[in-house]
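Protein sequences appear in the order of chains A and B.
Using the working numbering, read the first sequence as starting at 1 and increasing by one per residue.
Using the working numbering, read the second sequence as starting at 1 and increasing by one per residue.
Bear in mind the hints are in silico, worked out from the structure with no lab data behind them.
Please note that the accuracy of each hint is not assured.
Identical chains share a label here; the pair holds if one copy fits it or two copies do between them.
[Said to hold, decoys possible] Quick list of in silico lysine to any residue cross-link-like pairs, SDA-like style, CA-CA up to 20 Å: (1) Lys7 x Asp96; (2) Lys271 x Phe334; (3) Lys271 x Tyr120; (4) Lys7 x Ala187; (5) Lys7 x Arg99; (6) Lys267 x Tyr120; (7) Lys267 x Leu331; (8) Lys7 x Leu183; (9) Lys7 x Glu188; (10) Lys7 x Lys89; (11) Lys89 x Glu4; (12) Lys267 x Met162.
2 protein chains.
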Amino acid sequence: MSSELRKDPVTGRWVIIAGERGQRPNPFRHYASTIEGPEPCPFCPGNESLTPHEVLVYRPEGAAGAPAWTVRVVPNLYPALRIEGSLDKRGEGLYDLMRGIGAHEVIIETPDHAADPTTYAPRQMQEILNACRERMTDLLRDARFRSVLVFKNHGAPAGATMAHHHSQIIALPIVPARIEAELHGAAEYHDYRGRCIWCDMLAQEIADGRRLVAQNADFVALAPFASRFPFEVLILPRQHEAFFGSITRQQIETLAPILQDVLRRLKLALKDPPYNYVLHTAPPGFGHPEQYHWQVEVIPKLTELAGFEWGSGFYINPTPPEEAARHLRDLERFMDVPEGHLLKGEAPRG
Amino acid sequence: MSSELRKDPVTGRWVIIAGERGQRPNPFRHYASTIEGPEPCPFCPGNESLTPHEVLVYRPEGAAGAPAWTVRVVPNLYPALRIEGSLDKRGEGLYDLMRGIGAHEVIIETPDHAADPTTYAPRQMQEILNACRERMTDLLRDARFRSVLVFKNHGAPAGATMAHHHSQIIALPIVPARIEAELHGAAEYHDYRGRCIWCDMLAQEIADGRRLVAQNADFVALAPFASRFPFEVLILPRQHEAFFGSITRQQIETLAPILQDVLRRLKLALKDPPYNYVLHTAPPGFGHPEQYHWQVEVIPKLTELAGFEWGSGFYINPTPPEEAARHLRDLERFMDVPEGHLLKGEAPRG
Chain A
1 MSSELRKDPV TGRWVIIAGE RGQRPNPFRH YASTIEGPEP CPFCPGNESL TPHEVLVYRP
61 EGAAGAPAWT VRVVPNLYPA LRIEGSLDKR GEGLYDLMRG IGAHEVIIET PDHAADPTTY
121 APRQMQEILN ACRERMTDLL RDARFRSVLV FKNHGAPAGA TMAHHHSQII ALPIVPARIE
181 AELHGAAEYH DYRGRCIWCD MLAQEIADGR RLVAQNADFV ALAPFASRFP FEVLILPRQH
241 EAFFGSITRQ QIETLAPILQ DVLRRLKLAL KDPPYNYVLH TAPPGFGHPE QYHWQVEVIP
301 KLTELAGFEW GSGFYINPTP PEEAARHLRD LERFMDVPEG HLLKGEAPRG
Chain B
1 MSSELRKDPV TGRWVIIAGE RGQRPNPFRH YASTIEGPEP CPFCPGNESL TPHEVLVYRP
61 EGAAGAPAWT VRVVPNLYPA LRIEGSLDKR GEGLYDLMRG IGAHEVIIET PDHAADPTTY
121 APRQMQEILN ACRERMTDLL RDARFRSVLV FKNHGAPAGA TMAHHHSQII ALPIVPARIE
181 AELHGAAEYH DYRGRCIWCD MLAQEIADGR RLVAQNADFV ALAPFASRFP FEVLILPRQH
241 EAFFGSITRQ QIETLAPILQ DVLRRLKLAL KDPPYNYVLH TAPPGFGHPE QYHWQVEVIP
301 KLTELAGFEW GSGFYINPTP PEEAARHLRD LERFMDVPEG HLLKGEAPRG
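Based on the sequences and whatever the hints tell you, model everything.
And the structure:
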């Protein structure tokens, strides 16, 4: 295709979908995902004393010889924010600042140092997502916090510094710029059309089909129309809901396999790429839950993005999302379809 | 210092200035800036036929044995945008798109393959900036274009794919998100206070002094209060002006040395880091030139930023800008101060 300028319908951000630049020499540089972490690994069973004391732990039921825990959540040893104290909001001439109050926790996803989300048992991924939900709900009891970010960095180029698989939770006394922009764009759309923009997007994407990656009873994974990055994937719940904290047990059982499925497709398609995923949810107490739709954004870190993108907020994406989605869909024949996972074209439940 | 949450006064973006995380193991990974470009180098004299035909060329005055040119501007061989055609703006359900119309040009900064902006003769840097101004002015005669981005990627981690020093110009039929956010924030400030936010910021920063990096008669280089990245530097003209295209000959003669000075400090402080710089200017025909202040943003690419920053628009910066600025100022004793360059504390001209 020739290149197109596409506008993200939520944030208003424009992106160049530059099909032809895919012909450039070496557009995706090779990245090693492996990390040399500290020895011994503080996230491995037996080394629990090397981390701060856990704030949440799931233990396996009974069986002798089982590991002592399945998922552990601990405060980050090098936290970007401190949990104690008042915010002390103040000005300094024309600048605004406050103390770096917040929570920064690490979800140790598995006792197995070598395990990977693409190989976790389905139950393991459900426990991880449940731990996210539990910690988010707990942290939001603290009235100082205006938002909670849940994210995973996999591989050094994606910002990870430990090899043992983990994700992170940051609770903040402010709402990040991207979430603010989403709330703003979604409010404008809702004011004009009286509907949730992501509900409309889901309906259009399911009818269109070109950007669909996978779907199951409760979730749809798609390549966003104005993808900033090659092979960016968005996972949306079919049912409108602003807050991730409201996720049901059944939805955790269907979110886990579609997230694993997307990560498997990316691993197969892109040779175990570094990646990030980020959970987007409405801020606590958000007054217009009809306007926001929680979601999971998965971004493989493939290209050293031209740094002007940092300065301009303008992205050049060499891979049209339709091509990325087709490629990811076509991998189905090489994959074991997880239990409860519907192939494209099958009717959703309910 | 303990960590702080700081708000960018223009865009409203919050950032964690996390002083203590500077203690983490290996916060700045080592990056090689070197690139293995194609052989032979299409940007070297004698290989002009390997690039598209130049749109601008500066030739040295007379002297036998001089190179055939000093600065050459050519269309990008792999353009992200095409110059020919109409925009064909249209909708696709709830999405908006247009054809990828625009200009994408490369400024070959020097005939010398091994030369670097920190070692260019002062005259060379002036010619480069003058070429930016000339090309910007020419491109904005095209009524389809709403903005022009001038930027430089140096080193592979900053997105460069050629070793021979060059910068780039992209003309776009839209205004990028970051510039929109700046215009919006600056308009709010101007509505409330009746003054340009950057003029106020300059006055406050000069009086405060902690974040100053360098200054001369016409420009001030400083570490922004809410820096997203370690050693981020902003160069602001002292005199209010919205459009870079209005830069005077005298200002080009003083911008060139302060930009070289900043790049020399970063090279000394950070061992030849990869970096980007981006020129920010008001969109053509912008109706409120009293609100915007053109500027150059310089960002060394030191850290693999945690990818959740892509998703959240929320940054963690391990280096307080006051520390970065002090470190960059202190390098003065190791440097030859360029001609016309004033040390901190000397009175500006005029």
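Right, here's what the structure says about each hint:
| no. | hint | in the structure |
| --- | --- | --- |
| 1 | Lys7 x Asp96 | between (31 Å within a copy, 6 Å between copies) |
| 2 | Lys271 x Phe334 | within (14 Å within a copy, 46 Å between copies) |
| 3 | Lys271 x Tyr120 | within (18 Å within a copy, 42 Å between copies) |
| 4 | Lys7 x Ala187 | within (17 Å within a copy, 23 Å between copies) |
| 5 | Lys7 x Arg99 | between (36 Å within a copy, 12 Å between copies) |
| 6 | Lys267 x Tyr120 | within (14 Å within a copy, 45 Å between copies) |
| 7 | Lys267 x Leu331 | within (11 Å within a copy, 46 Å between copies) |
| 8 | Lys7 x Leu183 | both (16 Å within a copy, 19 Å between copies) |
| 9 | Lys7 x Glu188 | within (15 Å within a copy, 24 Å between copies) |
| 10 | Lys7 x Lys89 | between (36 Å within a copy, 11 Å between copies) |
| 11 | Lys89 x Glu4 | between (44 Å within a copy, 10 Å between copies) |
| 12 | Lys267 x Met162 | within (19 Å within a copy, 29 Å between copies) |
In terms of the numbered hints stated before, the structure departs from none.
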